[in-house]
Structures are given as C-alpha cells and as structure tokens.
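Spelled out from the first residue to the last, the chains are:
Protein chains: 2
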Amino acid sequence: MSKEHLKKTDRTNLVRNPSRADYDRDVVNGIIDATSLCHVSYIIDGRPYVTPTLQWREGDTIYWHGSSASRFLRQIVNKEVCISITHFDGIVLARSAFHHSINYRSVMLFGDAHKIEDGDKNQLLEDFVEALIPGRWETLRPMTDQEAKATTVFSMPIDEGSAKVRTGYPVDDDEDYSLPIWAGVLPISQTLHAPKADPKNLAGLEVPKHVRDYSLG
Amino acid sequence: MSKEHLKKTDRTNLVRNPSRADYDRDVVNGIIDATSLCHVSYIIDGRPYVTPTLQWREGDTIYWHGSSASRFLRQIVNKEVCISITHFDGIVLARSAFHHSINYRSVMLFGDAHKIEDGDKNQLLEDFVEALIPGRWETLRPMTDQEAKATTVFSMPIDEGSAKVRTGYPVDDDEDYSLPIWAGVLPISQTLHAPKADPKNLAGLEVPKHVRDYSLG
Numbered sequence: 000m001s002k003e004h005l006k007k008t009d010r011t012n013l014v015r016n017p018s019r020a021d022y023d024r025d026v027v028n029g030i031i032d033a034t035s036l037c038h039v040s041y042i043i044d045g046r047p048y049v050t051p052t053l054q055w056r057e058g059d060t061i062y063w064h065g066s067s068a069s070r071f072l073r074q075i076v077n078k079e080v081c082i083s084i085t086h087f088d089g090i091v092l093a094r095s096a097f098h099h100s101i102n103y104r105s106v107m108l109f110g111d112a113h114k115i116e117d118g119d120k121n122q123l124l125e126d127f128v129e130a131l132i133p134g135r136w137e138t139l140r141p142m143t144d145q146e147a148k149a150t151t152v153f154s155m156p157i158d159e160g161s162a163k164v165r166t167g168y169p170v171d172d173d174e175d176y177s178l179p180i181w182a183g184v185l186p187i188s189q190t191l192h193a194p195k196a197d198p199k200n201l202a203g204l205e206v207p208k209h210v211r212d213y214s215l216g
Numbered sequence: 000m001s002k003e004h005l006k007k008t009d010r011t012n013l014v015r016n017p018s019r020a021d022y023d024r025d026v027v028n029g030i031i032d033a034t035s036l037c038h039v040s041y042i043i044d045g046r047p048y049v050t051p052t053l054q055w056r057e058g059d060t061i062y063w064h065g066s067s068a069s070r071f072l073r074q075i076v077n078k079e080v081c082i083s084i085t086h087f088d089g090i091v092l093a094r095s096a097f098h099h100s101i102n103y104r105s106v107m108l109f110g111d112a113h114k115i116e117d118g119d120k121n122q123l124l125e126d127f128v129e130a131l132i133p134g135r136w137e138t139l140r141p142m143t144d145q146e147a148k149a150t151t152v153f154s155m156p157i158d159e160g161s162a163k164v165r166t167g168y169p170v171d172d173d174e175d176y177s178l179p180i181w182a183g184v185l186p187i188s189q190t191l192h193a194p195k196a197d198p199k200n201l202a203g204l205e206v207p208k209h210v211r212d213y214s215l216g
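Protein chains in written order, with numbering that gives the first Met the number 0: chain G, 0 to 216; chain U, 0 to 216.
Bound-form chain G, shown alone (with noise of 0.2 Å):
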C-alpha cells in the first residue's frame, strides 16, 4: 500500500523552497502521468550529466529505457539520479519584470536507477507501448528476444522528492498594481495534432481506434 506522501530528506530541501513544494503523492503522479518526457541526470567519471527519455509510471515505481548498446547506460547501473519531468504550461507578464514568471508543473525524484532484468523486461516493454499509446501493443508484430536484449530498462521507486506548481495570475508588488500596465498570462500547451499516415502503411488501412482515441496527458 502506498504512503500518501513522498520523504522530504536534506536533498528534497536543499533544492525546494519547502514551503513551496509538495509532497502529496497525488499530485507528483498527476504530473509524471501527463507525460512521457523526463530529463534523468546522473554522475559519471565526477562529472554532471542530463538526458532526455520516456518514463512511465506504475503505482509507486518510475521505469525509463535506454538502448543497452550505450556505453553511458551501463554505467549509471545502482547509481544515484535525479529526475525531472516539467510541463511548461504559461508566460506569466507581471507589472515588474521581477515578478515575471511561468506557469508550470514540475516533479524533482531521487534514488538509485536499477536495471530490470531479462526474466521481468518482456511485461515492462509492453506496459511502455501501453503507456505511450493505449491499446498499441496488440496491433504489432510480436516482440523478439533480441529486441527485448537490446532494450535496458531502469526503475526506481517514487519515494524521496516533491512536486511544485505554479498557476494563475502575476503576484505583483502591491503599489504596482495602480500602474497602467497590462499585466496577465499567456497560456501554453501541448497540442495534438491529426495523425499522419506512414505513406508506406499497405492501401486501405484505417486510423485504428486507439489511434483516433489518443488524447495527451
């Protein structure tokens, strides 16, 4: 059973303002779960790295995938990472430049990447496909052995880390709101667009069903 919120420990605090993060569970889900992004940074040789891939979630673990052909994958096995999965939803316009912001949704995760093993990866692969595109996996040509060998997933449980979210209008000075400057936000999302039809899928195939239902976030 789930703990209802995630630790804060000297890491979670060291780079939060704690009385603007959040450790409630439910929110930090809400944000994985609106996308596929992450950013993973990691150390190697001493040195600082970050990388963009996809995530997925299930209850309590994150999972991410890499190409088992890279070098730098082997080495991050059982090491710390941090994760960042950020939605940049607006340009918040203040009276002050100081008071400019964004709108956005972020989850900052720490713990240790471990690889999944051969015997547990088959399952994770498909719950991936699963969580990219619901209803994809048993449309496609089986997965092979070498494929599934080729493919390194990692997980980590969700346990140390915090959310912060920012929504809403400026929060200006209070003298500077008597001054006759348009302040507001302009809002951004991810918008999807209709699909494109590979121009080598065979005559006659139709958008299937879980291509029409797909919806971000």
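Quick caveat, the hints were computed from the structure, so don't treat them as lab data.
A portion of the hints provided could be inaccurate.
All copies of an identical chain are treated as equivalent in the list; a pair is satisfied when it fits inside any one copy or across any two copies.
[Stated by the list, open to error] Cross-link-like lysine to any residue pairs, in silico, SDA-like; alpha carbons within 25 Å at most:
# : residue 1 : residue 2
1 : Lys163    : Tyr22
2 : Lys78     : Arg56
3 : Lys163    : Leu36
4 : Lys208    : Asp111
5 : Lys7      : Pro198
Given chain G, put chain U in place with the hints provided.
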C-alpha cells in the same frame, strides 16, 4: 566571430551515438532559441541534481537565472554543469514495439557555470525579459537595485555539446512493411492560447501589441 561547430569531446561522445549527433552551431542555436525552458544538472556533495529553469542565448553564450536566496545555486558557481533543452514533437508509431520512438529536437551542452557580477547583471536581466517576450521591458515599472540583487544570473559558453534531432515516419524492419499494421506519427506541438488579462488590471487597458504579436519558438 563564432566557430561554426561545437567541440566533440569524450563527454559528447559518451552520451550521443556520434553518428547521430549534430555539432552544427546553427542547428544547436535554433533548438535553444525555440523555447525558454531548460534543465540544468549539477553535482552537490557528490550527488546529482537536475532543475528546470529559464534560459536565453546571446551569441555563443547561454544564460539562466535563479533566486540569489537559493542555497543550491550558490554551490554551483564555477562548477561543471550539463544543460539539456528538449522539444517533444510527436509520437512515432511503428509496426513493432521496438521501433516506436518520438520525434524530438534536443541539445546537450557542457561547461562551467559562471556567475555574472552585479555590474553586468542589469543589462542581462533586460535581455532576459526581452528574450522571454520581446517588446515588454520598456512597458514595465523599472527594476530596482534590490530586485537585481535578488536575482542570480549564470552564463556558460556554448562550446562543448551537440544536438540530436529525429523527424519523420517510423523506420521499421524491411519485412514488417508488408504487415497490415497502421503506422505513422502523432504530431505534437506547443500551442499558445489567447492572452488572459489579470483581473486586477486597471479598467480600459488594452492588450498591448507585444503581447498580441507574441509567438512561440
């Protein structure tokens, strides 16, 4: 005068398949300039961190900012960082799970985080607002010295790093093109919505031209 290409180094080779990396400065700059959001990773006390923040570029230098009150920002002065900027442009639906992918444009940059001294900061903060939304600075209540002091600006030369871009349709195994499986792309883009005026704006203020004219990317 700018060099036309970024440096290939052990670091850039470690994280990118060199055959897929693009070191062309125009490609890198185009990806940086198409958003304000970046992820900066760094090491504190031997542990990895990654935080989302806003960046802007001037020539061959990338800048980002944070609160001077932030404990962690003080710890990255003159330290190595890695910066990632990523655009998620679509989901690539292949005929096999293995060849599923996303379309994206991403840049990874390496270097040391230099803290901008107070004397040089005011002009850069103006540049930052103008990069976020051109034409806005001159409409604002002037910045105070206290506000400039409360903001830390970092710079890093854009010198070591690379871009990686995926566009277009899936690339499937030759024999899979004969399967009756719908393949294609679900395009995704960031969309700007109509400006939302702060309800606390003075009566009669019109949406200014720099807000009406704003476009993403």
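Going through the hints against the structure:
Taking CA atoms no more than 25 Å apart as the test, lysine 163 paired with tyrosine 22 passes inside one copy only; the shortest distance there is 9 Å, against 34 Å between copies. Taking the shortest Cα distances, lysine 78 and arginine 56 sit within 25 Å of each other inside one copy (20 Å), while across copies they are farther apart (33 Å). Proximity of lysine 163 and leucine 36 under a CA criterion of 25 Å is satisfied in both settings, with 17 Å inside one chain copy and 15 Å between copies. Taking CA atoms no more than 25 Å apart as the test, lysine 208 paired with aspartate 111 passes in neither setting, with 38 Å inside one copy and 49 Å between copies.
In this homomeric assembly, lysine 7 and proline 198 never come within 25 Å of each other (Cα to Cα): the closest approach is 51 Å inside a single copy and 36 Å across copies.
Going down the numbered hints, you'll see the structure goes against 4, 5, while the others check out.
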